[in-house]
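*Asks:* Let's have the full structure, built from the sequences with the hints guiding it.
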Amino acid sequence: MSARTIRALAIASAALALMAASLVPAAGAATPQTSLSEISGEVMCPVCGTLLELAESPQAQREKAFIQRLVDEGRSKQEIKDALVAEYGDEVLALPQDSGFSLSAYVVPIVAFIVAAIALAFGVAKWRRASGSGDDGRPVAAGLSAEDSARLDEDLGRYDL
Amino acid sequence: MLAVVGLLVFGLASHGSSRVQLGEAAPDPTLPKLDGGGDGSLAEHRGEWVLVNFWASWCDPCKEEAPALEQFQRQHESGDFTVLGIDSRDLSGDGRAFARKHELSYPQLHDGEGDMAHEYGTTGVPENFLVDPKGKVRWLTAGPVTEEMLNDQIAPLVEGKS
Chain R
14 MSARTIRALA IASAALALMA ASLVPAAGAA TPQTSLSEIS GEVMCPVCGT LLELAESPQA
74 QREKAFIQRL VDEGRSKQEI KDALVAEYGD EVLALPQDSG FSLSAYVVPI VAFIVAAIAL
134 AFGVAKWRRA SGSGDDGRPV AAGLSAEDSA RLDEDLGRYD L
Chain S
103 MLAVVGLLVF GLASHGSSRV QLGEAAPDPT LPKLDGGGDG SLAEHRGEWV LVNFWASWCD
163 PCKEEAPALE QFQRQHESGD FTVLGIDSRD LSGDGRAFAR KHELSYPQLH DGEGDMAHEY
223 GTTGVPENFL VDPKGKVRWL TAGPVTEEML NDQIAPLVEG KS
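Chains R and S are the protein sequences, given in the same order.
Each residue of the first sequence is one higher than the last, beginning at 14 in the numbering used here.
Each residue of the second sequence is one higher than the last, beginning at 103 in the numbering used here.
A hint or two may mislead.
Now the stretches of chain S that chain R is said to cover, found in silico as 3 or more residues with beta-carbon under 8 Å [said to hold, decoys possible]:
1) 152 to 161
2) 211 to 224
A short, non-exhaustive set of chain S residues, derived as facing chain R with CB atoms under 8 Å [unchecked claim]:
3) 191
4) 193
5) 194
6) 196
Under the rule of at most 27 Å between Cα atoms (straight-line distance), these lysine-lysine pairs were calculated in the DSS-like manner [as the list claims (entries may be wrong)]:
7) R:77 x S:203
8) R:94 x S:135
9) S:135 x R:77
10) S:165 x R:77
11) S:165 x S:135
If you're looking for bench data, these hints aren't it; they were derived computationally from the structure.
Virtual Cβ for every residue (Gly too), placed ideally from N, Cα, C.
*Replies:* Here is the structure:
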C-alpha cells in the first residue's frame, strides 16, 4: 500500500469520525427522555377527572397527542409536566405539589396519625387505670374492711400453709 | 374527628359549584386572551350585551354551533353586542387552531384551568350565558345554540325588542 493510499484512507477515516461526532448531539436532542405511558400515569385528564392513562375521551386524546409531541421533541418529564400545568393548571397533576396549600395533602395525614396515636395512648392508659390494673399488669391491692379481713384470716386458717 | 369533618366540608365547599342563575351578576374573572395578547375579562364589555360562550376544540357540538355564532356576531357587532368565547379546559394551541379554522372574529379568552367555567357552574361544553349591559345574566342554555335560538331568543333582547 502506497503512502498516498494510506494518507487518503486516514483522511477518509477522520472525515467519517467527524461526521459521526456531529451526528451524536443531534440524535441526542431528539432522543425521548420519557414516554407517553410514563407521564399519562402521573397526570390527570382534567375534564374526565381520572388519570390520563385511564381516559379515552376526546379531550384526553388531545392531551395525549400534546404529550407525545413533547416526548418526540426530547423534552424531559418535568418539562412536559410544567407545560401541562401551564395549559391546565395544577389540577392536571395526579400528585399534589409539595408546596403551598397542596402541602397539606401530605402533612394532614401525618398530623392526623400522630394525634390519633397520642389519643389512643391516653385512652389505653385511662382504661387501664379505670379497670384497676397497675403498670405491671397485676391487680392493685384494695384496702380491706375489718370484717373482710377477719373473714380472710378465717379462710386462710382452714389451710395448712 | 371534628378536624376530619371540617376538611370534608371544606373539600365539598371548594369543589362544588352551582350554575349561575338568571338575574344574578355574571362572574367576571380575568383570563389570558387565547391569542396570547395579554389578559381580558367580561368587564371590558360592560355596557354591551355579551353572549358568553364556553367551548373547547375537542367538543363536536361546539363545532356545530360555531358558524351560527360567527354569523350572529357579524350581524350584530355594530350594535352593543359581542360574543365572548371562553376556550375551556383546552390546549391553547388547539383552541387557536379551532378559532382559525372556523374564522371566529369575536374575542376569545383561554380558561385552561376551567376556573371561569367553575364560577358559572357549567357541567360541560358548550354552554351559553347572555349577560346584559349591567352585567346580569338574562338568558342561558346548557348545550349548543342554533341559528333559530339566536334569532328568536337572543336577537329580541339584544335589539331591545323584548
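*Asks:* Against this structure, judge whether each hint is valid.
*Replies:* Going down the list of hints, with the structure as the test:
Closer than 8 Å: that is the beta-carbon criterion, and the segment 152 to 161 of chain S has 4 residues meeting it against chain R, so the requirement of 3 holds. A stretch counts as covered by a chain when three or more of its residues have a beta carbon under 8 Å from one of that chain; for the segment 211 to 224 of chain S and chain R the count is 4, and the coverage holds. The restraint placing residue 191 of chain S at the interface with chain R holds, with a minimum CB-CB distance near 5 Å, inside the 8 Å limit. The interface hint given for residue 193 of chain S holds, since its Cβ lies 5 Å from the closest Cβ of chain R, which is under the 8 Å cut-off.
About 6 Å separates the beta-carbon of residue 194 of chain S from the nearest beta-carbon of chain R, less than 8 Å, and the hint is met. The restraint placing residue 196 of chain S at the interface with chain R holds, with a minimum CB-CB distance near 6 Å, inside the 8 Å limit. Taking the CA atoms of residue 77 of chain R and residue 203 of chain S, the gap is near 22 Å; set against the 27 Å cutoff, the hint holds. Our distance criterion of 27 Å between C-alpha atoms is met by residue 94 of chain R and residue 135 of chain S, whose separation comes to about 22 Å.
Pair hint residue 135 of chain S plus residue 77 of chain R holds up; C-alpha atoms about 24 Å apart against a cutoff of 27 Å. Distance hint between residue 165 of chain S and residue 77 of chain R is fulfilled; the C-alpha atoms sit about 21 Å from each other, no more than 27 Å. In summary, the hint linking residue 165 of chain S to residue 135 of chain S is supported, as the alpha carbons are separated by about 20 Å, within the 27 Å threshold.
The earlier numbered hints are all upheld by this structure, with none contradicted.
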